[in-house]
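Same order as they appear, the protein sequences are chains A and B.
Here the first sequence is numbered in numbering that gives the first Met the number 0, starting from 0 and rising by one per residue.
Here the second sequence is numbered in numbering that gives the first Met the number 0, starting from 0 and rising by one per residue.
The set of hints was computed from the structure by calculation and includes no laboratory data.
Here a beta-carbon is modelled for each residue, glycine too, at the ideal position from N, C-alpha and C.
Some hints could be false.
Unchecked claim - Which stretches of chain B does chain A cover? Using the computed rule of at least three CB atoms under 8 angstroms from a CB of chain A, they are: (1) 105-113; (2) 200-209; (3) 213-224.
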Amino acid sequence: MSTPALELTGLTKSFGKAEIIRGIDLSIGKAERHAIIGPNGAGKSTLFNLITARFAPTSGTVKLHGEDLTGLQPFQINRKGLSRSFQITNIFPKMTVFENVRCALLWAQGYKYSFWNLVERSRRLTEGADAILDQINLLPRHDLPAGMLSYAEQRALEIGITIAGGADVIMLDEPTAGMSHSETDYITDLILKVTEGKTLIMVEHDMGVVFGLADRISVLVYGEIIATGKPEDVRGDPKVQEAYLGAALEEEH
Amino acid sequence: MSDQITTDPSKPAQRMRAGSMTLTLGPWIVAAILLAALPFIFTSNSGLTIMNQMWITVVFALAYNMLLGQGGMLSFGHAVYAGVGGFACMHIMNASDFFASMPLPLLPIFGGLFGMGLALIVGAFSTRSAGTVFAMISLGVGELIAACSVIIVAFFGGEEGISGDRGEALPFFGLNFWSQIEVYYLTAFWVFISAVLMYLWSRTPVGRMANAVRDNPERAEFLGYSSRWVRFYSFVASGFFAGVAGGLFAINYEILTEENLNAASSGVILLVTFLGGVGFFFGPILGAIVFTLVQTVLSLETELWAFYAGSLFVATVMFFPGGLAGLIMMHVPPLRLGKLGVLTVPYIKTLIPAAIGILGLCSLVEMTFHYRHAATGDHEMTLFWTTFDSHTILPWIIAGAVTLIGLGIARTTAPALKEAWNEANTAGGKR
């Protein structure tokens, strides 16, 4: 069996006495689309922050393609091919849409901290950024300051920035939060398109999106994963229905 | 002008990038011609001295804005890097054997290297975070090094400072730089080169990421960049150009003292940069020009120039946070809409009375100052080519009336200006 794209072992996180993540073991295969669901306050975003080193875990390890990420900074993890979006839109609001994407390409294209290259002169950068903008349908917004985009467009831009660097593990934190039905459909299609062949891990509340996108689902309740499996198995799991899904599914139907 | 702005929107490369600058040669050619031509317009020695001071301030302010405007780092001690660069240049000037084998125009490079060296050391620990922590460290280090000027006398020369003679350098194509005009062209050459290099820096990957880190350091981290190292590189580059400014100061004045290092100098450069506007590359250039004029020309007219400079600064911060550059760039949207003309008459109706009112206010300030501080028995003062007795009531009434009427008219016409402004910024009509 090949090494999983992402492997969590015994991951815990406490803030003071409050134990938010209480021992998570999870293995996500290459090119798998994995959704993490759970009621509010279950620790989904905290789990994301632990994986991407926004917070340091209290114990346990995170392995990316078999490599231990302990002690690495977020920028180092990003360079290893893991990229994430945020629950609250996290873009560069004063820069243009184009520049947002171009910034996301700089490291991936090997420019590092160079001061002997001019960004305007690089066709690879300009064309690369335009290609991403085309993919996320924001080409007409090319020169607008990113802060002036509509909410759905900002979310799309955030996904664009997240995937631009060519990371093969993409983590999206509630990509459709606060969106209308049509906007949700737009983002769902977008996610399907841009994560083709990549490992996707996402936190999502919208069950329509989850069951439409995910190959496997993990259910997180009070900092523990109570079930992991194919969507139909998770849906049938009595523990899940009791803890969370039942209520959510009732709402859906 | 408008041709430049309305480019073909179907070609992405030609589109104006909002809030950023395209690589155009035009402004640089104009700047180069101006730099070369100005000594033919202002031929006096004092004119050359003022311009030299202006260009030195331009280099320093641009270097400072690499931190403040582009990197979002507020430094309260940046004079230290210019000062140390300048002191190093003075010591090179005094190292006669070495200096005699080096042409003078190369000296600012050494200033830059020493400024950069210090920035490498300080930046290694100060750039870990931006915001208050960075500001406090910069203040602390600034005070520390300024205090060293009386402790490490060998380098800083104590209270007298260090002086030297630029004429000892290896002649540069027969030039000894004894005359002011030769020094002018040396300074002008360096201000041009430094400005071009700093502009190009802002277009490089590390320069672009400085903007990104300023706006959202966390996002930058998740794009593979360490915000700390991005800040560090900006800081070091800024230290280099501050050192170049220090080197130019050394060449011009042939003396450096504690004044070049202290918190007051650091404060001035912050003021200059903010006055010009941190949001645009040319902002600090404007700020340096305006401030130097206030400092030199206005100071010949009144002892209270610093008071007016301070008032100008406060007014800028309160009403035009974008600085003078922001004020100018506010007019680009009306210009693009072809509606700049709508503003002309309201501007005249408001700004001229306001200017007269402010001059009246300044008269009151000057008269109060004269009343309180002139030598006893000296009741005569001259203001706006009029000589009068500051201890009689009539001048006070006139100045007070001018102030009230001027500002009063400006106040009544201000709503019309505001309306015209909204109209000028709304698409429609002619378009």
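Consistency of the hints with the structure:
1. 105-113: Since 0 is below three, the answer is violated.
2. 200-209: Answer holds; 8 residues pass the 8 angstroms Cβ test.
3. 213-224: holds (count 10)
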